[in-house]
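Please arrange chain B on chain A, whose structure you already have, making use of the hints.
Number of protein chains: 2
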Amino acid sequence: MAAADPGRVDAWRQRADHAIGSALDTLADSEPRLLASMRHATLLGGKRMRPLLVYATGTAFGVAEDALDPAAAAVELIHAYSLVHDDLPSMDDDALRRGQPTVHVAFDEGTAVLCGDALQSLAFAVLADAPQPPAARVAMLRELAVAAGAGGMCGGQARDLAATGAGILDIAALERLHAMKTGALLRAAVRLGALAADVDAGTAVRLDAFADALGLAFQIRDDLLDVESDSGTLGKTAGKDVAQDKATFPALIGVDASRQRLQSLAATMDEALAPFGERATALAALGRHAITRTY
Amino acid sequence: MAAADPGRVDAWRQRADHAIGSALDTLADSEPRLLASMRHATLLGGKRMRPLLVYATGTAFGVAEDALDPAAAAVELIHAYSLVHDDLPSMDDDALRRGQPTVHVAFDEGTAVLCGDALQSLAFAVLADAPQPPAARVAMLRELAVAAGAGGMCGGQARDLAATGAGILDIAALERLHAMKTGALLRAAVRLGALAADVDAGTAVRLDAFADALGLAFQIRDDLLDVESDSGTLGKTAGKDVAQDKATFPALIGVDASRQRLQSLAATMDEALAPFGERATALAALGRHAITRTY
Chain A
1 MAAADPGRVD AWRQRADHAI GSALDTLADS EPRLLASMRH ATLLGGKRMR
51 PLLVYATGTA FGVAEDALDP AAAAVELIHA YSLVHDDLPS MDDDALRRGQ
101 PTVHVAFDEG TAVLCGDALQ SLAFAVLADA PQPPAARVAM LRELAVAAGA
151 GGMCGGQARD LAATGAGILD IAALERLHAM KTGALLRAAV RLGALAADVD
201 AGTAVRLDAF ADALGLAFQI RDDLLDVESD SGTLGKTAGK DVAQDKATFP
251 ALIGVDASRQ RLQSLAATMD EALAPFGERA TALAALGRHA ITRTY
Chain B
1 MAAADPGRVD AWRQRADHAI GSALDTLADS EPRLLASMRH ATLLGGKRMR
51 PLLVYATGTA FGVAEDALDP AAAAVELIHA YSLVHDDLPS MDDDALRRGQ
101 PTVHVAFDEG TAVLCGDALQ SLAFAVLADA PQPPAARVAM LRELAVAAGA
151 GGMCGGQARD LAATGAGILD IAALERLHAM KTGALLRAAV RLGALAADVD
201 AGTAVRLDAF ADALGLAFQI RDDLLDVESD SGTLGKTAGK DVAQDKATFP
251 ALIGVDASRQ RLQSLAATMD EALAPFGERA TALAALGRHA ITRTY
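Protein chains in written order, with full-length UniProt numbering: chain A, 1 to 295; chain B, 1 to 295.
Next up, chain A with everything else stripped away, as it sits in the complex (with noise of 0.2 Å):
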């Protein structure tokens, strides 16, 4: 992470990964079966993107770090269960995931379906326990679940279904598809960093228009990263997206279009973030991160 402070970054994955690990302890009695895939799903490292999009939302605008703990650890186990789905044979059938098995080989496809199953409700488990008062719990378990749903991270990857062999979608689909399947979990970590510090309206539409950029760049670079990449570095298997006939930002524009359109991204998140000053330099690096990441 090319953070101004990489020690913070580092801090806010450790809390990040301890409130994930506290809120599957409280599910000890479980099926072990069940609870070990949960724990391989979300455990086993993982960039940490939405959960410190919300530190870092939520500190920048007076928020105490550990008030943020269950809107990190929800949208990560959101973002965990749309993974172990995700990876299933019956969607992108993919067998390595973050340097390991796919929750679908280490265990079984069964237990794979069950265990995005809970992790989702899981997610809005930890969140209804979260410290803010009630309205804003009520509204932030509201914008995790429709960022979540078919009109966002659902709807997405159905259109990517859809979409995969097809050949049919021009760059504005893709990214529609990609603001829905990627994009809205994304903006939801900084919507759930920006409800639970009370934002104006007017800071709240900045942080949109940063997490829209964001996404969308983060997703550009997954493409870039997938033609650059061999699998070891990148934890997952490179080269899928063109043996699937993916529509991709290269394959769509060009490798160099690509990159062009990253660097106007950068610029679109640093002009939301301006008037914001030092209180964003956690933000500001998290969205160079999503442009430059090597992983």
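Treat the hints loosely; a few may be bogus.
A pair holds if it fits inside one copy or across any two, identical chains being indistinguishable in the list.
What the hints assert, rightly or not - For lysine to any residue, the following SDA-like pairs were computed, each having C-alpha atoms within a straight-line distance of at most 25 Å: (1) Lys47 / Pro133; (2) Lys246 / Arg33; (3) Lys246 / Ala257; (4) Lys47 / Ala285; (5) Lys246 / Glu109; (6) Lys246 / Phe107; (7) Lys47 / Ala67; (8) Lys246 / Asp29; (9) Lys246 / Pro32; (10) Lys47 / Asp200; (11) Lys246 / Ala36.
Think of the hints as simulated: they come from the structure by calculation, not from any bench.
Structure of chain B alone, referenced to chain A:
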């Protein structure tokens, strides 16, 4: 339904259907195949037992019917998602549900996974917009999330998967399995109504006792129906439990003892509801229905 007022039950079913339909209408811009699968999973009938429990409980303690619509829709959306995923080839592998092809048969397996995922998210989105005060809404959201997750419904299904064919369950383990797999969500339905009504602690304890007895009775009756019925009457594949060597009450304690157990659960329900008198008429009728139902 053997209710004292069948018209009221029909009206409640229509209210729940309408609330679910309205929730799906908010997703009109979603990927068409995903949305069609969600309609297929939710709007093709079903007993609506869980919404009826929400209405019967809430109205018994003074809540207006329309204030219960979101909770009724939410609990049914969770139930509907669980059926879509339970029917998957990697889970119970069933082709027929409510007399219709299951979602993965009518659509495809990837769509069925996403359909269930999106229905779960929608449940929480709908409940977040319920008209109860924020603190009550948070409690309702927590209740639904905990009941649906690894400590409840998902955990019960995981136990069921682990036990199928293994032949190692005793009657206590089978009751525990069903208390989680079916019972947790039926109890959540009663609790959502109770939370909406802000009932006192003593009332809550009695309602839990009623709901736990109803949940177990519901499952024993389900097991008996699998033995007694044909697929046409049942609307799903009959004789499946025996074919899959599933632990069931008739298999473990016999048909006669299962029927006797139902009668004792009927007495437990009557006793739990006794202090509520006339106001619990609809709840009592739902309890009797759980025991006598033929579909």
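Against the structure, the hints come out as follows:
1. Lys47 / Pro133: Neither way: Lys47 and Pro133 sit 29 Å apart in one copy and 37 Å across, limit 25 Å.
2. Lys246 / Arg33: Only across copies: Lys246 and Arg33 sit 19 Å apart there, 34 Å inside one copy, limit 25 Å.
3. Lys246 / Ala257: within (18 Å within a copy, 58 Å between copies)
4. Lys47 / Ala285: Only inside one copy: Lys47 and Ala285 sit 14 Å apart there, 53 Å across copies, limit 25 Å.
5. Lys246 / Glu109: both (24 Å within a copy, 19 Å between copies)
6. Lys246 / Phe107: between (28 Å within a copy, 21 Å between copies)
7. Lys47 / Ala67: The answer is within: 21 Å in one copy meets 25 Å, while 42 Å across copies does not.
8. Lys246 / Asp29: between (42 Å within a copy, 23 Å between copies)
9. Lys246 / Pro32: For Lys246 and Pro32, only the inter-copy Cα distance (20 Å) is at most 25 Å; the intra-copy one is 37 Å.
10. Lys47 / Asp200: neither (29 Å within a copy, 46 Å between copies)
11. Lys246 / Ala36: between (32 Å within a copy, 24 Å between copies)
The structure shown violates the earlier hints numbered 1, 10.
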